[in-house]
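Peer 1: Listed here are the chains, written in short residue letters.
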Amino acid sequence: MCRSFRTVFRVFTFLCAFWLVLKAGNLEAESHRFVLIDTQTGQWVREKTLSSKNFEGIAKASGWSVRKEVLHGGKQESVDLITLENGAMAIRIIPTRGMSILDIKINDFRIGWESPVKEVVHPQWVNLESRGGIGWLEGFNEWMVRCGLEFAGHPGVDQFTDNTGAEAEMMLTLHGKVGNIPASRVELIIDKAPPHRIRLRGTVYESMLFGPKLKLSTEVSTIPGSTELTISDEVTNMGSDPQELQLIYHTNFGVPLLSEGAEFIAPVQSVQPMNAAASKDVEAPWFYAAPTKGFIEQVYLMKLYADSNSETLICLKNSEGNRAATIRYNVDELPCFTLWKNLTTIENGYVTGLEPGTSYPFNRRVERSHGRIPVLAADETRQFTLRYEFLNSPEKIKETVEEIQKLQNDRPTETLKSPPE
Amino acid sequence: MCRSFRTVFRVFTFLCAFWLVLKAGNLEAESHRFVLIDTQTGQWVREKTLSSKNFEGIAKASGWSVRKEVLHGGKQESVDLITLENGAMAIRIIPTRGMSILDIKINDFRIGWESPVKEVVHPQWVNLESRGGIGWLEGFNEWMVRCGLEFAGHPGVDQFTDNTGAEAEMMLTLHGKVGNIPASRVELIIDKAPPHRIRLRGTVYESMLFGPKLKLSTEVSTIPGSTELTISDEVTNMGSDPQELQLIYHTNFGVPLLSEGAEFIAPVQSVQPMNAAASKDVEAPWFYAAPTKGFIEQVYLMKLYADSNSETLICLKNSEGNRAATIRYNVDELPCFTLWKNLTTIENGYVTGLEPGTSYPFNRRVERSHGRIPVLAADETRQFTLRYEFLNSPEKIKETVEEIQKLQNDRPTETLKSPPE
Amino acid sequence: MCRSFRTVFRVFTFLCAFWLVLKAGNLEAESHRFVLIDTQTGQWVREKTLSSKNFEGIAKASGWSVRKEVLHGGKQESVDLITLENGAMAIRIIPTRGMSILDIKINDFRIGWESPVKEVVHPQWVNLESRGGIGWLEGFNEWMVRCGLEFAGHPGVDQFTDNTGAEAEMMLTLHGKVGNIPASRVELIIDKAPPHRIRLRGTVYESMLFGPKLKLSTEVSTIPGSTELTISDEVTNMGSDPQELQLIYHTNFGVPLLSEGAEFIAPVQSVQPMNAAASKDVEAPWFYAAPTKGFIEQVYLMKLYADSNSETLICLKNSEGNRAATIRYNVDELPCFTLWKNLTTIENGYVTGLEPGTSYPFNRRVERSHGRIPVLAADETRQFTLRYEFLNSPEKIKETVEEIQKLQNDRPTETLKSPPE
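Chains as they are written, first to last, in this note's numbering: chain A, 32 to 452; chain B, 32 to 452; chain C, 32 to 452.
Because the hints were derived from the structure by calculation, they are not lab data. Hints should not be assumed to be uniformly reliable.
Same chains, same label: a pair holds when it works inside one copy or across any pair of copies.
Cross-link-like lysine-lysine pairs, in silico, DSBU-like; alpha carbons within 30 angstroms at most [stated by the list, open to error]:
#1 K149 / K448
#2 K246 / K324
#3 K149 / K311
#4 K79 / K324
#5 K311 / K324
#6 K136 / K79
#7 K79 / K311
#8 K136 / K427
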């Protein structure tokens with residue numbers, strides 16, 4: 032018996048190994064790949080447009096294309112920009128700015144916002160330490176920018192362990208570095224099998240001696256002809272010591288989606304104002320006012336309900352009720368949701384931020400004291416997946432709202448009326 | 032009566048509108064235009080020489096040219112430089128450094144100075160926060176650099192209103208940012224009508240969320256064959272809140288114009304030393320010494336007399352009395368004049384600065400306390416015009432001196448002997 | 032007698048002058064020269080490979096080449112890199128990073144180390160002021176990087192004389208600026224006479240108004256076919272005031288030369304731990320442990336014995352005893368030797384630094400208080416010469432060890448057991 036068990040076990044092991052080899056081979060066979068940037072091999076494509084014509088066996092009629100270009104002049108000089116046109120929408124991704132997403136255009140409808148910063152700013156112009164640690168804002172105009180990785184949130188002094196093993200202090204700057212680090216590797220991947228998902232992968236390192244050794248492997252993907260995009264990120268601790276991680280997906284919407292009467296819809300378990308200005312409207316932060324001169328930003332900290340797989344769904348609906356943006360994500364991966372309402376004038380930057388995060392945007396020192404900072408062990412990887420969809424019919428929006436109501440499931444929303452101490 | 036008045040009024044309105052349309056059309060018709068840089072449209076000319084040959088109807092014999100190039104190597108790498116050769120002098124303008132003017136050459140006579148900084152430094156190498164906030168000096172070698180726009184003058188802590196509406200503090204760095212911001216748009220304009228004035232326009236934005244939203248529209252212009260140039264600047268508050276503005280035209284002269292016996296001539300209403308080193312020579316700051324080892328810089332704060340249109344005139348005359356530079360400007364626009372004498376050795380940077388400004392170069396905190404900071408309302412624009420001329424005959428210099436004496440008109444010069452407290 | 036003496040003297044003077052003129056002419060005649068970068072003349076070669084074929088009269092068979100290229104993508108974008116292949120080894124020099132030496136390859140054996148920083152980082156990505164003044168580490172991965180010139184060593188506040196002649200304070204950042212300043216001039220020189228030494232000269236300026244005016248003229252040279260290289264540096268004070276100077280040759284070795292059982296061999300007169308972690312192993316800092324998780328860096332301050340010409344010799348030997356690196360230098364030029372042992376895991380940056388310097392790596396404030404900061408008078412130049420050799424036979428290593436023992440000459444090594452106060 033024992034002997035035949037061993038035989039079975041050996042056969043099983045062999046089959047497993049065989050399957051793994053096959054699987055690895057398939058990974059290559061399953062997709063077309065094109066490297067745009069790779070600093071290790073010295074590959075770097077200055078300007079190139081790729082489309083279905085460049086890859087065998089991909090449907091000719093899909094009408095998608097990927098264009099890599101280099102911007103010039105002003106603060107844009109030397110910025111790498113990639114425009115992923117999927118046949119239904121154009122997504123602009125900025126390898127030079129940590130694979131942030133500048134904006135999305137669906138025909139003439141732009142998803143994004145009007146920042147006082149008009150150019151795609153090369154990080155060489157951004158001194159994160161400037162203005163008491165808020166220099167990050169000098170480049171901030173993206174639809175989606177990641178805050179992190181070593182730290183995110185408000186500037187301020189925090190403790191760290193220095194090269195001598197001693198406790199030291201350092202100034203953390205607003206929202207960390209990753210949005211101002213260029214990707215070291217960018218690769219385009221097209222699934223050979225229908226629906227021929229287009230994937231743009233970027234690798235960004237936040238790594239140094241006596242500092243973090245974090246690697247962000249990000250993928251923005253979309254199906255040709257759809258108005259959906261998925262962000263699939265992995266953050267790995269490449270070092271041999273435990274490493275704190277903060278990551279906030281700072282997703283920003285301005286006109287035309289945002290205007291008076293627009294509405295934020297989510298299955299909210301609890302909501303609390305982060306600052307005094309938010310306290311006065313905490314009973315109904317869901318509604319948006321018109322651009323308002325002298326408006327002081329309001330920030331709300333939320334916990335969201337989710338389904339049994341920890342998946343949640345949030346929605347920003349326009350005032351006419353015929354356009355919306357939705358985000359589906361996992362609250363185990365991103366337990367802290369922050370709603371940022373900066374309803375100032377258009378000139379000053381009328382915008383709302385929907386911000387799923389590992390933490391809230393207090394300084395890391397504060398977040399740590401509340402136990403909201405994940406720590407990655409050596410070689411540990413965490414995954415973060417966000418699925419964005421842009422809706423353009425009242426029917427679809429209605430379905431979404433119903434789905435959110437189902438997540439809420441008549442459970443109460445706890446409202447804390449004043450900011451945390 | 033009333034009815035015919037209305038008719039007249041309507042006709043008048045129509046004629047006004049017609050005239051405006053015509054005028055707008057004329058603006059295009061009046062000039063040749065060539066865009067060299069425009070980040071909004073993606074235009075960027077790497078290398079190009081334009082001259083009368085490129086534009087119809089411009090006199091062939093004028094001998095002017097405009098050359099756009101990109102510098103390479105060292106700290107110059109990627110610097111955009113424009114050389115405007117008007118037939119009598121060559122003006123070098125640096126779009127990458129906020130449209131500063133590097134120097135002017137009249138045949139072999141160079142207007143400018145010998146800074147210890149020898150290259151045209153790309154701002155990527157300048158950390159304004161460095162050395163306790165005087166990092167600006169690591170790129171400083173221009174004949175004319177603007178200090179501003181949000182702040183100018185000495186480094187130091189000042190108050191500002193942060194994104195939460197609260198009073199916060201920030202470190203202001205020496206002479207502000209605008210000299211280290213690249214122009215987002217540069218356009219060459221040639222008047223079709225004689226004398227075919229050549230205009231180089233540049234737009235520089237000092238703009239960000241929760242910060243200033245200032246736009247500098249600058250024009251450097253000159254008439255072919257002349258040794259005059261005019262700076263016509265406009266600063267606009269693009270934001271919807273009031274915004275402080277500081278602007279100093281830091282115009283610097285070294286050898287050969289400056290040497291022992293050179294003289295500063297101006298209609299001085301009052302003069303006061305800014306620092307202790309200036310106190311000892313405050314009775315006669317007009318004269319220049321030879322390069323002096325160990326010389327400590329002297330700074331003098333002045334009010335100047337002007338004519339009934341508020342126009343004043345100042346002059347820097349060489350020791351032989353056969354070369355001079357003059358500046359005509361409006362004391363309502365630029366009420367504060369600062370004379371900077373840094374008469375150290377040639378190696379250390381022998382130079383004098385003639386600095387018309389909205390303010391004196393104290394920290395903004397100090398200038399504000401003296402009411403010397405203009406505040407721009409939302410959408411408000413201020414204009415600043417400076418006309419520079421380079422003279423090369425004793426006769427012309429004599430005329431200039433007489434004109435200055437006429438402005439002084441035997442009125443006294445008040446001398447305050449010690450620095451302001 | 033007196034008269035004939037004068038005649039003899041005149042003839043002697045004339046002959047000396049004649050010889051000097053001849054010599055100057057010979058300098059040109061003695062070598063082939065090729066300018067790769069010169070910001071004063073506007074010369075800049077983007078990509079070029081030079082070899083014996085490009086120069087007349089140089090042996091065809093020597094197999095050397097010099098390749099200039101520009102790196103692209105990620106933090107490497109726009110970095111100038113020069114690979115000097117001498118037939119026996121390939122030396123990679125980075126003009127954009129102050130002429131640092133990235134690494135050396137002898138066949139497949141790499142001299143260098145595995146930093147968590149994987150790219151050749153353009154200084155535009157390095158904010159020296161970051162992380163409390165240790166931003167330098169964000170670009171640190173070279174085999175040999177100079178620390179200096181105005182200051183080197185630990186970050187911290189130090190006094191300096193400001194532009195008004197007053198004592199002021201400024202934050203010194205880790206290891207100074209020179210490793211993050213691009214060369215303004217790079218020239219390749221090939222000796223016409225055998226052994227046709229190949230010299231790569233670079234000029235780096237650390238110069239500004241109201242700051243240092245230091246010029247580093249560096250030469251890396253090697254003889255075709257050898258595994259030796261010589262660094263011949265000159266630092267000149269171009270200003271007219273005395274100027275402090277600090278210079279540390281931070282030479283770093285990781286795997287494969289460094290591993291458990293590797294050994295540092297030197298004629299040590301005295302050794303003292305710089306930090307507490309070093310104290311416990313101060314009796315035998317010569318031996319290296321394997322990569323060790325949680326290892327805290329150990330730093331040792333040493334004085335070395337030298338021969339009658341003040342020449343000393345140090346050696347890093349691998350564990351097998353068949354590979355070694357040696358450095359010969361002058362202890363009058365570089366009196367302070369620092370041994371840095373950072374025996375952490377490979378991922379975290381397993382490395383040892385052999386660091387001949389004008390000073391130890393305390394903050395300049397501390398070094399000054401111990402009289403360890405050379406001051407250059409106006410126009411004064413100091414020379415620094417280091418000869419590196421890479422050995423690959425036990426016999427040669429044995430000879431080297433014997434030579435070091437001869438320098439030690441049975442004299443004692445004084446061991447101070449605790450760090451300086």
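Peer 1: Taking the hints in turn, state whether each one holds.
Peer 2: We went through each hint and held it up to the structure:
1. K149 / K448: neither (36 angstroms within a copy, 48 angstroms between copies)
2. K246 / K324: Answer is between: at 20 angstroms across copies they meet the 30 angstroms cutoff, but 41 angstroms inside does not.
3. K149 / K311: Cα proximity of K149 and K311: none, with 32 angstroms in one copy and 50 angstroms across.
4. K79 / K324: For K79 and K324, the Cα distance exceeds 30 angstroms both inside one copy (44 angstroms) and across copies (45 angstroms).
5. K311 / K324: Within. Shortest intra-copy distance 17 angstroms satisfies the 30 angstroms Cα cut-off; inter-copy 51 angstroms does not.
6. K136 / K79: within (20 angstroms within a copy, 34 angstroms between copies)
7. K79 / K311: Neither. Shortest intra-copy (51 angstroms) and inter-copy (58 angstroms) distances fail the 30 angstroms Cα cut-off.
8. K136 / K427: within (19 angstroms within a copy, 62 angstroms between copies)
Of the numbered hints listed earlier, those contradicted by the structure are 1, 3, 4, 7.
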